[in-house]
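K.L.:
Protein chains in written order, with the working numbering: chain L, 283 to 908; chain E, 252 to 526.
Worth flagging that the hints you see were computed from the coordinates, not collected in a lab. Predicted model, so just to flag it, every value in this text is computed and none were measured. A virtual CB, placed ideally from N, CA and C, is assigned to each residue, including glycine. Mixed in with the good hints there might be a few duds.
As the list claims (entries may be wrong) - Computed spacing ranges between beta-carbons, pair by pair:
hint	chain 1	residue 1	chain 2	residue 2	range
1	L	L482	E	I439	45 to 53 Å
2	E	I408	L	R879	39 to 47 Å
3	E	T506	L	H431	39 to 47 Å
4	E	D516	L	P876	47 to 55 Å
5	E	G285	L	T302	40 to 48 Å
What the hints assert, rightly or not - Partial pick of chain L residues on the chain E-facing surface, computed with a CB cut under 10 Å:
hint	residue
6	R298
7	D301
8	T302
9	S310
10	D364
11	R734
12	Y738
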Amino acid sequence: MALLEVRDLSVTYSPRDADTVRAVDGVSFEVHDGEFVGLLGESGCGKSTLGNAVLRLLDKPAAITGGTITFDGKDITSTSEDDLRSLRWVDLSTVFQSSMNSLNPVITIRSQFADTFEAHDNDVDVDDRAGELLEMVSLDRSVLGRFPHELSGGMKQRVALALALALEPRFVLLDEPTTGLDVVVQRDILDRLRVLQARLGFAVLFISHDLGTVMELADRVMVMYAGELVEDQPAAEMVTRHLHPYSAGLLGSYADPRDEIVEVEFIPGRPPDLSQSHAGCLFQPRCPVAVDRCRTVHPDLLPAGRGQVRCLLVEESVGDRAVLDKAAALRHRDQVFAAGPSALADADPVLVVEGISKIYRTRRGLTTTVTTAVDDVSFALRPGQVTALVGQSGSGKTTIARMLTGVERPTAGSIRFKDAPVDHLRRRALRKYRRHVQLVFQDPFSALNPTRTVAYALSRPLRNHLGLSGAEARARAGELLETVGLSPAAQYLDKLPHQLSGGQRQRVVIARALAPEPEVVIADEPISMLDVSIRAEIIALLDALVRDRGIAMLYITHDLLSARLLADEVMVLNEGVMVERGPTLQVIGEAKDPYTRKLLAAIPRPGASGTPVVARGDTEMGAESA
Amino acid sequence: MTILWRNSKCRAGMIMLAAFILIAVFAAVIAPYGPRVSDFGASEGPSGAHWLGTTARGEDVFSQLVYGARTSLIVGLVAGVLSTLIAMAVGLTAGYLRGVVDEVLSFFINLGLVVPVLPLMVVLAGYAPVKGLGLIIVVITVTGWAYGARIKRAQIITLRTRDYITAAKFAGDSTARIIAFEIVPNMISLIVVGFMGAALGAIGAEAGLAFLGLGDPQTVSWGTMLNQASLGGALTTGQWAWLVAPGLVLALLITSFTLMNFGIDALSNPHLRED
């Protein structure tokens, strides 16, 4: 008997002033003792709702509307809160996406552990047991005496993991536990998790949209789309012999940046509106191989390969792979983005940076701390070319961006835009300069004013910098939206940001940056907050815009795959010093700096032979906790 | 608006306030006599002709009560609007510009917060060369803006670092435009709450000053009624209605504002919405 059995589970959101949404629809699965199961899907596919339903954490207006959840032979679908309390944390525990913030800021780490033991009448020596748990997640025992604000994000997440394991639960739900952390830190935590899971033998349900990571960690992978499971396969099978076209699309977003030719695929379109009922297969509108029958017949989750698949074509076909081979052939038409040949033509640079440094002095009492954020960095941006700036959090990437845009002035060195010295511009001149240098932000959710329409956001730079009238600006805003692939534009102009998806918002942000016809665009991790499946789409858009319009772009990132796809030149920054610089393929292919190598190792490569996951857990957190 | 209406507490408050406004607007129709008509017997108890009795000077208490609603609402509205405007101007400027400007303005905000309000109001109202409703409004405004300014400054400090503000700067917008078009719409619920608080304080302050005898004796307000009831020995003559009625309506008006605030909280914080 399985540890966790979910049968036909449905969850419905019934908000007061909107249609009801079937977020989870008839999902059935099992998790066995000690099994590591991954649950994959795009944002909004219902994976977190499913996770919360399993833990019985759903709040109004969501409610379980059908099916059962059985844990260890006991039906917990409608157990009372009081009875659940004895089960929670002892048998079922969790690490949430934001669990960095789940630590109580006013008590020490030791007290947080003590509370946990006390709440469940666990008579143990707190220092002893908690210290042991911390060592398990590679933290020093001294962390016990510290407060949450004294720890880094990665350390807090480790503490959250140690807390989740404190009572030796049999099942742990991990809901995107490393989102928001530096890639290298993410990697370390996940590797550690896998080692612990193998040693302690708890079962894991790991929710993520990052398919590469899931495939590497999990024993079995379930793919969710629009509230339904569409595929369920052992992880190894999923990599090489996945059957559903959606899984294929998700897998296509990965590639090894060191390859000679790098290609990534994306799935165009958006998930269906779950407040409406759909007759056929829910994936049909986005499916490259859909046939007429897919429009009318809703497929069931049926055994196929070594797992289960929900696809009519797989049901009918003789050879399982026939469907996907066809899909791959079709996809190559318009859903593939390949890194182009990097043409390092020596156009005249528009922006030249020479030996800039930035030193921050902070005075606390009598002692002055001197921090060198950026140390003697030089480079040039040329029209029609992308220069990637790669580095860890805190390596000085953002400081460089701030100096280039004139927000801060360098302590030493000079920045020249054509003939104008950027580091000496004053108010009025700075405002003029910003017409030529525009920003694309990281977080599409905070980059657009929630109270202003798309048309307003786009018309401001047009009216200020280009002096267009209201009507002209609106017409031009429409053209810009078409340029970034939001068409028909009329449909988007009067929308507020919250009515758009993350990818659409990012397109609007890009359109706004293009509005004043800038010569330099600085993109600060423009895809890191987006779903993996739409990242390639945005990269392709940026690439096309840069080449067509002859824009010089500084692309700030810590994602080497996207740098490889987009950039002509890569610079690696470590602690404010430029450690590597050169043509993309050369820097990535022959990485010399230890940090660049670490970044490369952190890129998930589902199905890559060799390197077993566990062996890579040797990059311990020494550096971080020191 | 629908969110406000849906909240049952807020709905009750809105209905109560609407009733007060209607009474104030149609005071001349509703009140049986003029507020200053003193043709009746002095200090009479409640009767069919005078529902709440008459004052020591022979005026109808019910009529005074109806006209008094005008004073309270006008003071609440005007002083509330004025102190909200001052609070916005000072708070937004200080919070957005930071630096020296912030230091200077924060000093004045802090000054406004630490100065004991009641004695200041008493001094201003007592020694001012002019009397009348205008003076009361000015006094209340001058003493009541600091708290709102402090809250708005705190809010704008968190809003000014948002990416969309940076984007507006890069779009070439001026500082004034950024504050008015990008920031203010995002703190509208805070501004409304601030206004309600200021209006509430103003109504209470007006009643308080009038009760202390610092109001304009020519104006009919609930505060002056309380003052006169107390001076006219309402308790000794057993005229409980003269004393209780103005206090009760004052409490009801303040309650209606408080109830509405529940709904406005829900507007700014979806977690507080009651399903």
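K.L.:
Taking the least C-beta to C-beta distance, is L:R298 closer than 10 Å to chain E?
P.N.:
holds, 6 Å
K.L.:
Tell me if the beta carbons of E:T506 and L:H431 are separated by a distance inside 39 to 47 Å.
P.N.:
For E:T506 and L:H431 the Cβ distance comes to about 42 Å; the hint holds.
K.L.:
Using Cβ atoms only, decide whether L:D364 comes closer than 10 Å to chain E, and label the hint accordingly.
P.N.:
violated, 23 Å
K.L.:
Double-check L:T302 for me: the hint is only fine if its C-beta lies closer than 10 Å to a C-beta in chain E.
P.N.:
With a closest approach of 14 Å, the L:T302 hint is violated.
K.L.:
At the C-beta level, are E:I408 and L:R879 separated by a distance inside 39 to 47 Å?
P.N.:
41 Å Cβ-Cβ, so the 39 to 47 Å window holds.
K.L.:
Taking the least C-beta to C-beta distance, is L:R734 closer than 10 Å to chain E?
P.N.:
holds, 7 Å
K.L.:
Could one say that the CB atoms of E:G285 and L:T302 fall in the range 40 to 48 Å?
P.N.:
violated, 59 Å
K.L.:
Please verify that hint: L:Y738, Cβ, nearest Cβ of chain E, below 10 Å or not.
P.N.:
Hint holds; L:Y738 Cβ to chain E Cβ min 8 Å, cut 10 Å.
K.L.:
That 45 to 53 Å hint for L:L482 and E:I439 (C-beta), does it hold up?
P.N.:
With Cβ atoms ~52 Å apart, the hint holds.
K.L.:
Take the shortest C-beta to C-beta distance between L:D301 and chain E; is it under 10 Å?
P.N.:
At about 16 Å, which exceeds the 10 Å cut-off, the nearest Cβ of chain E leaves the hint on L:D301 violated.
K.L.:
Can we keep the L:S310 interface hint, with Cβ of chain E closer than 10 Å?
P.N.:
Violated. Min distance 30 Å.
K.L.:
Can you let me know if the beta-carbon spacing of E:D516 and L:P876 is within 47 to 55 Å?
P.N.:
holds, 52 Å
In summary, the numbered hints that this structure violates are 5, 7, 8, 9, 10.
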